[in-house]
Structure formats: structure tokens, C-alpha cells
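Enquirer: The residues making up each chain are set out below.
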Amino acid sequence: MEFIKRFFNSFASPSSLHEAGILSMNMRNLDYVIKYNPRKLLPQVDDKLTTKHMAEKAGVDVPKLLGVVEYQHDIKNLGTLLKQHDCFVIKPAQGSGGKGILVIVGRDGDRYVKASGDTLEFEDINRHVSNILGGLYSLGGKSDVAMIESLIVADPVFNDYSFEGVPDIRMIVFRGFPVMGMLRLATRASDGKANLHQGAVGVGLDIASGKSLRAVQFDLPIEKHPDTGHSFEKLKVPHWDRLLKLTAACYDMTGLGYLGVDIVLDEVHGPLILELNARPGLAIQIANGCGIQPRLELIESLPNWNMPIEEKVAYSKEHFASV
Amino acid sequence: MKGRFQLSLAVIILIAAGLGLTLYKHFALGFPLTRGETTTVWSVEAEIQFKADGGPAKATLTLPDQQSGFRILNESFASPGYGINQFEDDGQRRAEWSIRKASGMQSLFYKVNLHPDRQQTEPLAPPVDENNGTLKAKPSLPEPYQTAANSLLERVTERSADSRSFTGTLIKEFIAKQPSQNTNMLLSMIDNRTELTNLLIDMLSMTDIPARVVRGLYLEDGRRRQPMVEMLEVYTNDGWILFDPETGVSGNPENFFLWQRGGKSLMDVMGGTASRVSFSMISQNVPSRDLAIETSQADDAALVDFSIYSLPLEVQNAFKSILLIPIGTLVVLIMRILVGLRTSGTFMPVLISVAFLETQLLPGLVIFITIVSIGLWIRSILSQLNMLLVARLAAVIIVVIGIMGAMSVLSWKMGITQALTVTFFPMIILAWTIERMSILWEEEGPKDVLIEGFGSLLVASMSYLLMSNPMVEHLTYNFPELLFTVLGLTLMLGQYTGYRLLELRRFKPLVGG
Chain A
1 MEFIKRFFNS FASPSSLHEA GILSMNMRNL DYVIKYNPRK LLPQVDDKLT TKHMAEKAGV
61 DVPKLLGVVE YQHDIKNLGT LLKQHDCFVI KPAQGSGGKG ILVIVGRDGD RYVKASGDTL
121 EFEDINRHVS NILGGLYSLG GKSDVAMIES LIVADPVFND YSFEGVPDIR MIVFRGFPVM
181 GMLRLATRAS DGKANLHQGA VGVGLDIASG KSLRAVQFDL PIEKHPDTGH SFEKLKVPHW
241 DRLLKLTAAC YDMTGLGYLG VDIVLDEVHG PLILELNARP GLAIQIANGC GIQPRLELIE
301 SLPNWNMPIE EKVAYSKEHF ASV
Chain B
1001 MKGRFQLSLA VIILIAAGLG LTLYKHFALG FPLTRGETTT VWSVEAEIQF KADGGPAKAT
1061 LTLPDQQSGF RILNESFASP GYGINQFEDD GQRRAEWSIR KASGMQSLFY KVNLHPDRQQ
1121 TEPLAPPVDE NNGTLKAKPS LPEPYQTAAN SLLERVTERS ADSRSFTGTL IKEFIAKQPS
1181 QNTNMLLSMI DNRTELTNLL IDMLSMTDIP ARVVRGLYLE DGRRRQPMVE MLEVYTNDGW
1241 ILFDPETGVS GNPENFFLWQ RGGKSLMDVM GGTASRVSFS MISQNVPSRD LAIETSQADD
1301 AALVDFSIYS LPLEVQNAFK SILLIPIGTL VVLIMRILVG LRTSGTFMPV LISVAFLETQ
1361 LLPGLVIFIT IVSIGLWIRS ILSQLNMLLV ARLAAVIIVV IGIMGAMSVL SWKMGITQAL
1421 TVTFFPMIIL AWTIERMSIL WEEEGPKDVL IEGFGSLLVA SMSYLLMSNP MVEHLTYNFP
1481 ELLFTVLGLT LMLGQYTGYR LLELRRFKPL VGG
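Quick note, the sequences are listed as chains A and B, same order.
When we follow the working numbering, the leftmost residue of the first sequence carries the number 1, and every step to the right adds one.
When we follow the working numbering, the leftmost residue of the second sequence carries the number 1001, and every step to the right adds one.
Among the hints, erroneous ones may be present.
[Said to hold, decoys possible] Derived DSBU-like pairs (lysine-lysine); straight-line CA-CA distance at most 35 angstroms:
| no. | chain 1 | residue 1 | chain 2 | residue 2 |
| --- | --- | --- | --- | --- |
| 1 | A | LYS234 | A | LYS317 |
| 2 | A | LYS211 | B | LYS1447 |
| 3 | A | LYS52 | B | LYS1447 |
| 4 | A | LYS57 | A | LYS211 |
| 5 | A | LYS245 | B | LYS1508 |
| 6 | A | LYS99 | B | LYS1447 |
| 7 | A | LYS64 | A | LYS76 |
| 8 | A | LYS83 | A | LYS99 |
| 9 | B | LYS1508 | A | LYS317 |
| 10 | A | LYS236 | A | LYS211 |
| 11 | A | LYS57 | A | LYS40 |
| 12 | A | LYS193 | B | LYS1447 |
| 13 | B | LYS1447 | A | LYS114 |
| 14 | A | LYS224 | B | LYS1447 |
| 15 | A | LYS52 | A | LYS99 |
| 16 | B | LYS1508 | A | LYS236 |
| 17 | A | LYS236 | A | LYS317 |
| 18 | A | LYS99 | B | LYS1508 |
| 19 | B | LYS1508 | A | LYS35 |
| 20 | A | LYS193 | A | LYS40 |
| 21 | A | LYS234 | B | LYS1508 |
[Unchecked claim] Quick list of the computed label-pair ranges, beta carbon to beta carbon:
| no. | chain 1 | residue 1 | chain 2 | residue 2 | range |
| --- | --- | --- | --- | --- | --- |
| 22 | A | GLU223 | B | LEU1450 | 25 to 35 angstroms |
| 23 | A | ARG188 | B | THR1346 | 30 to 40 angstroms |
| 24 | A | GLU121 | B | THR1346 | 42 to 52 angstroms |
| 25 | B | LEU1313 | A | GLU70 | 55 to 65 angstroms |
| 26 | A | ARG127 | B | LEU1313 | 51 to 61 angstroms |
| 27 | A | ASP118 | B | THR1346 | 38 to 48 angstroms |
| 28 | A | ARG39 | B | LEU1491 | 14 to 24 angstroms |
| 29 | A | HIS18 | B | LEU1033 | 33 to 43 angstroms |
| 30 | B | PRO1446 | A | ALA115 | 16 to 26 angstroms |
Rather than coming from a laboratory, the hints here were simulated on the basis of the structure.
Built from N, CA and C at the ideal position, the CB exists for glycine as well.
Pulled out of the complex, with its shape left as it was, chain A reads as follows:
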């Protein structure tokens, strides 16, 4: 009996969730993704190269594009291209889930040093690029394009909070208004990936200040990072205003009304747009400990929402402040 009761208690009533303004998956799809993200605009976020070109054109900060290899016969130019750079990242333009990303952090004579410390021959890099072009990492095996980007050096501010990998910030941007944000930190449990349901830590961020609100792992609140043991209390994301403006600009750039923007903080260049997502998940609500729907509805109810980016950011900071 007790077990059955506990089981039923593990479900919230729909009305209580509704009151808390929790956005459901069905409503996200029907009332936001389908409504505000026209299908014809989606290819620009599916292909990272298109996104990058658009960002560079719009003046939105992204990791610098060092070069592109489009066809197999372009690979012969790879050598001259790579000679100029000590560290770089090679990634497929249409890859998913971080597959096919090769990070080179330095040189050891003629050899290239990977993030893990292993070294590669130039031939190995050649083959990797060739595999990318052949579609080894793209969805459906479509032939792809290899992008060579400058290496991101993570801002040391997060060093105490991250087990491995570069922490990133996910911001939901609705009609150009930053609505809700969270910081994703890899853990040992998540195997260095910033994926919440694999055990990465999600830290809800105050839109007004960039300060941490609360942190969750596996959907449950935690006080300290499980691996480094650091408390999240004092965590504050630097360059917060710049970051907000950067995310807001992504709407003007893509025209996608309901957008998930992934940002990394580079030690030198500050916030950079890493990736855009036209179907951002709902876990951000759990990390923030509150529903996103009232914020979305507030923006939908604005009679004149088409204002300059600065005003949008100011509006968000005023209305979506949590403390």
C-alpha cells in the first residue's frame, strides 16, 4: 500500500505544473517550435558552417573559422593551412552529438598533440578530414564539409566547477529576448559531456546578473560539484551583459523565434556562440527551478516586441530577474 501511495505521490498533478508555468514537451513543439521556427529557416542551424558564415556576417562572435575543406581534392591544401596554426579544432559541419571533433592543442615537432596528450601524424589528420567529407559523422551518411576552427581556451573562472571539457551556457532566446539560461558542467558521471540527462550538472542562472540560482544533477538539487566539491553559491558568469546581447543577436541573425543558443566563454575573446538549436530541451526549467511559460507568454503579450537588442536585454533583465 505504502509503495503504491509513494508511486502516486511521485507524480505531480497537471494543474500544479500548470500553475508553476512549466512548459510541456507537446506545447513546446506545437505552440513554440512549429509556430516560431519556420521549417525553411532550420537548415541554417543544422549546418554549422552556414551558422558560422551568418554569424560572421552579422558580427556575432563565434570561434574563428580558420579554414574549410569542402572536397576531397582540397585536402592537398590542408598542409599549408595547418602550418600557420599550432592549435585548432576540426569538426564536421553537420555532425551531431560531438562526433568527429578533433582537438589539437599543440605541436611536438612534426606531430600534432591531441587534448588527451596522444600525438598524431599529419597523415592521421588527413584521413580524419577525408572521413568527415565522406559522411562518416553526419546524419544519414550525407557527404559533409570539414571546418577548421580556432581552439577555445576555457575561461578559468569555471575551472573549479568542471570535471572535464569546456562548460557551456545554454540560453533560451524567444523573439530575441533572453528568457532563461543555465550553465552546463560536465562531471565524471556524464563522462565529460555537458548533457544533463547523462549526469552533467545544470546551474540555473539569474537573467539579471548571471549569478547561480541553484544547481541540479539528475533532476535533483545539489549544493556542490560532485567531483570538485566546490559550492555553486558564489558562481557568477562573467561578461554577462555581452553574453545576453550576443544571444539576443542570434534572433536577428536567424529569424528563429524559439532558439536555444549555446555559448562558451573564451579566456581571450569572451563569450562565443558555439551552436544554435531550434528545438531546445526543457531541462533548463529544472535547473532554474521554475517554469518558462509565464516568461514566454509575457513576451508574446508585448504589443511592440520589435525593439533594439539593448532594449530587449534591458527588458529581460528587468522582468526575468530572479533575486
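Fit chain B to the supplied structure of chain A, relying on the hints for placement.
Expert: Leaving out everything else, chain B in the frame of chain A:
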């Protein structure tokens, strides 16, 4: 908002159309809603026998017409060597058997299949005045019977109000335990039912009440050599009404199949002697559905005429399983949209459940899990060789076929015949499932593979249980109109923006407690 209104309207129309057509088919065309419902069909056989003279011979038999209470499904003639043709005589169908040369005993058969039916036919035409307003010359009886008849008619007229009560009262006089003197005299004229009927008709005609004789059969199962029974049909204010001349009961008796109207002969034989006709009958129980199809096709009901039933049997069988698929998709929709289960590939579970229909649930689950597990293991070996996706998929398909073959041979040798059904699994789907699962394994880890695999198998099992239900199969196959309803429900689910069941659990920490 306007679009949503239109969608709601479409949903309502679709659901109503599906249910409406189904109910129409059930109530108007007689399609049974449940399986195994049977209906009685009567087979009545008329056998004409006569001794042919050796020259040309010809026999005619009056044939029954469609009537209220019964429905003629089909009829057939059997008579070796005879030519048969049907013609219309005085509004009555007749069949004529003819032969150039015949000798000895001849047997001619006519068989009609009937189905008791609540349907009403159009009311019969009122009596035709062939002689310009005056009914044909009134019959008269030889004296002293005419005088007795006249006084009896007078007596009955006084005690009745209209044609109907008049007939009833008249018959009562004849069947009374102690008949009056006049009646007794008239009764002495007759000694069988036929003569009684004819006398009653004569007497009714004397009072200008149109009446005619009707012949028919009482249907009783397994009867042979049943006689034709005469009935009296009288034209009243309510139209033609049947009376039983020996009981006075009016209205169509139960199980009375009307064969012929009017006093014409039932059968004529030329070129033969000692002719007689006898009737035998038998009742059969046939599935209501078969009957409904037959009658609807006979009626040219468009819903049936342009339906799956008009297709060749082989194609019909294919549709039997095709029409089940929407039920599976509906289960997928409910489990994904309302419950929030994750499945591997959107409609893969439906295809798996179709395979389960052939393998049965438990063997199917075992086979599926075995193949996918072995496939995942081999796929992990393949992924160590860098390969392009298309080639990798092709390799997985070949491996799956190999596993299927090995499983069949091994299980056959070990005497487990259930495993032979492995061939019913669509191998392309298996290969895709393996590919998807292995990508999921690499990207998200084994936990997600288990969750997705469990979700897929749960949905597949549920839709299998629904699809294998004989009731569901009966409804989807015989009422394909229900597709409209399923489509309507699908459109409705497509608009659902509420929480999924599993989201109630996922977001529980956000509302405390």
C-alpha cells in the same frame, strides 16, 4: 486560432463520419458489430415431378417475389437437359423448363435462399379494376347455398365495421364450435382448406370486398414434401392483409413465406402426366457478415459496392492486416504524446507488432531481443572498422539475415519450431533498429538504449495485444469507415499541448512535495 478551429471541426466531422457510417452499416445494411454473430438462412427447394410422354415437354412454375419479412438472396435451377427461361405473367414471375424430347419420370428443381428480414417492401398495389369501375361479375352459388350465404353475409355486415372486421367475423362464423344453420349448410359444400378459401373469396366478392388467394409455405427446419398453404388476402383500408382461413388470424404469420398471389395455377405441365410439385426446406446458420455483404451487393449499396469486399480474395486478406496498422499507430501516438514513452524509430514498434502477429508475443519478444542483441554486438565490431553509413547498414542487414538463418537452423535441429517464425520480422527494420541503438549506445550510453528498447517493446506488445484481438480485427476489417474516426483521433492528439504522463513525474521536483 482560426486554424485550430478548422482543425477541431475536421476532427468532429471525421469522428462523426466514421462512427456514423459504421452505425449505418450496422443498422441499415446489417453488418454485425461483434464477431461470430450468425443469421438464419432458409433454403427452399421445389421439385417438379412428372411422367413425360416421350415427345416435347414443358413445365412452368410460379416463382416467389421479394416480400416483407423475407428477402430472396439468390435462386438456382437444376434440371439436366432442359432449357430454362423466366418470364413475367400478370405481375408474377414464372419459370419455364422445356425440352424437345423426354420420356419417363422427370425431376426439375428450383432452389431459393431466403433470409428472414425486418425490412418492409413497398405496399402492394390496390386491386385493379379491369372492368371500368365495376368489379368483375359477382360470383354466385347454386341454391339453396346462395340464400344461406346471403343471410350469413347480412348477419356479418351487421356485426362488423369495415372490410377487416368483416372478414374476421366471417371466418369466425365458419370456425365457430357451434356454427349457425346457414354456416353449416355452406360448410357442407367444402371439405378442405382450398375450397374454404375459395368460398370465402367468393363471399367477400359478393359484398364488394376485393380478396384473392395467396399460396405460401410455413418454413420449418428439415421438412420435406411440405404442402403449399392457401391464405386469404383481403384489401382493407390498411392495404392488403393476410387472413388464415382456418383460424381467422390476420397479418403475416411468423415464418410464412409467400410464394404466389392470385388464383393462377402454381404449376403447369405440358407433354407429361402425373405431375406434382413438392417443397422441402432446410435452415442454415451463416455468419451475419457474409450475409450482409451478399445482400448489400445485391442492393448495390455504394458503401459495399466500392469497398474492399469487391476486391479479389487475396487482396482482401492483405487489407485485413493493413487495416490493423492504424490501430498500432494510434497506440504509438497515445504512448508518445500522452504518456511520453521513448521509442526507437517513430513507428518501428508498429512494424514489430505486425511481426508479432505471426510469431505470437512471447516467441516474438525472445526472437527480437536475441537478434538485436547479437546484432548490436556484431555492429560494435563493425564500428571499429571505419565505414560509411550506407555500407555499414548494408553490412548489418547481411548480418541480420545470417542471424535469422542460423536461428532457424539451430532451433529446427533442437526442435523449437516457434523460432522458425523469425522470417516474419522485417529485416530492414531490424537492421535500422540495430543501427539506431548502436548510435544511441555510443552517444548516450547503454542506459538510454535500455530505456528506448524497453519503450519500443512495450508499445509493440501493447499494439500487438490490441491488433490480435479478434474483435478489433473484425471491426477494422468490416468497418474500414472507422479509419475516419482513427484519423480524427489522430488529428486531435496532434493538437494536444498538455503534459505527458511522464512529465508529471519529471517536473515533480519543481512543484515541491
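Enquirer: None of the hints should be skipped; say for each whether it holds.
Expert: The hints, checked one at a time:
For a cut-off of 35 angstroms, the pair hint linking LYS234 of chain A to LYS317 of chain A stands: about 20 angstroms separates their Cα positions. Taking the CA atoms of LYS211 of chain A and LYS1447 of chain B, the gap is near 33 angstroms; set against the 35 angstroms cutoff, the hint holds. Among the hinted pairs, LYS52 of chain A with LYS1447 of chain B is consistent with the structure: their alpha-carbon atoms are about 34 angstroms apart, no more than 35 angstroms. The straight-line distance between the Cα atoms of LYS57 of chain A and LYS211 of chain A is roughly 31 angstroms, inside the 35 angstroms bound, and the hint therefore holds.
The straight-line distance between the Cα atoms of LYS245 of chain A and LYS1508 of chain B is roughly 33 angstroms, inside the 35 angstroms bound, and the hint therefore holds. With a C-alpha separation of about 19 angstroms, the suggested pair LYS99 of chain A and LYS1447 of chain B falls inside the 35 angstroms cut-off, and the hint holds. With a C-alpha separation of about 22 angstroms, the suggested pair LYS64 of chain A and LYS76 of chain A falls inside the 35 angstroms cut-off, and the hint holds. Between LYS83 of chain A and LYS99 of chain A the alpha-carbon distance is near 25 angstroms, which keeps this suggested pair within the 35 angstroms criterion.
Restraint check for LYS1508 of chain B and LYS317 of chain A: satisfied, since their Cα atoms lie roughly 28 angstroms apart, inside the 35 angstroms limit. Distance check on the hinted pair: LYS236 of chain A and LYS211 of chain A sit about 4 angstroms apart at the alpha-carbon level, within 35 angstroms; holds. Simply put, LYS57 of chain A and LYS40 of chain A have alpha-carbon atoms about 20 angstroms apart, close enough for the 35 angstroms limit, and the pair holds. Note on LYS193 of chain A and LYS1447 of chain B: the hinted pairing holds, with a Cα-Cα distance of about 15 angstroms set against a maximum of 35 angstroms.
The straight-line distance between the Cα atoms of LYS1447 of chain B and LYS114 of chain A is roughly 29 angstroms, inside the 35 angstroms bound, and the hint therefore holds. In summary, the hint linking LYS224 of chain A to LYS1447 of chain B is supported, as the alpha carbons are separated by about 25 angstroms, within the 35 angstroms threshold. Of the supplied pair hints, the one linking LYS52 of chain A and LYS99 of chain A holds, its CA atoms being roughly 18 angstroms apart against a limit of 35 angstroms. With a C-alpha separation of about 27 angstroms, the suggested pair LYS1508 of chain B and LYS236 of chain A falls inside the 35 angstroms cut-off, and the hint holds.
Restraint check for LYS236 of chain A and LYS317 of chain A: the C-alpha separation of about 15 angstroms stays at or below 35 angstroms, so the hint holds. A distance of roughly 33 angstroms separates the Cα atoms of LYS99 of chain A and LYS1508 of chain B; the hinted pair therefore holds under the 35 angstroms criterion. A C-alpha spacing of about 27 angstroms is found between LYS1508 of chain B and LYS35 of chain A, which places the hinted pair at or below 35 angstroms, so the restraint holds. This hinted pair checks out: LYS193 of chain A and LYS40 of chain A have alpha carbons roughly 30 angstroms apart, not beyond 35 angstroms.
Using a Cα cut-off of 35 angstroms, the hinted pair LYS234 of chain A and LYS1508 of chain B holds, with the two alpha carbons roughly 27 angstroms apart. Roughly 30 angstroms separates the CB atoms of GLU223 of chain A and LEU1450 of chain B, a value that falls within the hinted 25 to 35 angstroms. Checking the proposed 30 to 40 angstroms range against ARG188 of chain A and THR1346 of chain B shows it holds: the Cβ atoms sit about 34 angstroms from each other. At about 43 angstroms, the beta-carbon gap between GLU121 of chain A and THR1346 of chain B stays in the expected band of 42 to 52 angstroms.
Separation of LEU1313 of chain B from GLU70 of chain A is about 57 angstroms and conforms to the stated range, judged on CB atoms against 55 to 65 angstroms. In this structure the hint that ARG127 of chain A and LEU1313 of chain B lie 51 to 61 angstroms apart at CB holds, the actual value being about 59 angstroms. A hinted range of 38 to 48 angstroms for the beta carbons of ASP118 of chain A and THR1346 of chain B is consistent with their spacing of about 40 angstroms. Under the hint 14 to 24 angstroms, the C-beta atoms of ARG39 of chain A and LEU1491 of chain B, about 20 angstroms apart, fit the expected range.
A hinted range of 33 to 43 angstroms for the beta carbons of HIS18 of chain A and LEU1033 of chain B is consistent with their spacing of about 39 angstroms. Our hint of 16 to 26 angstroms for PRO1446 of chain B and ALA115 of chain A holds, since their Cβ atoms are close to 25 angstroms apart.
Comparing the model with each earlier hint shows no violations; every hint is respected.
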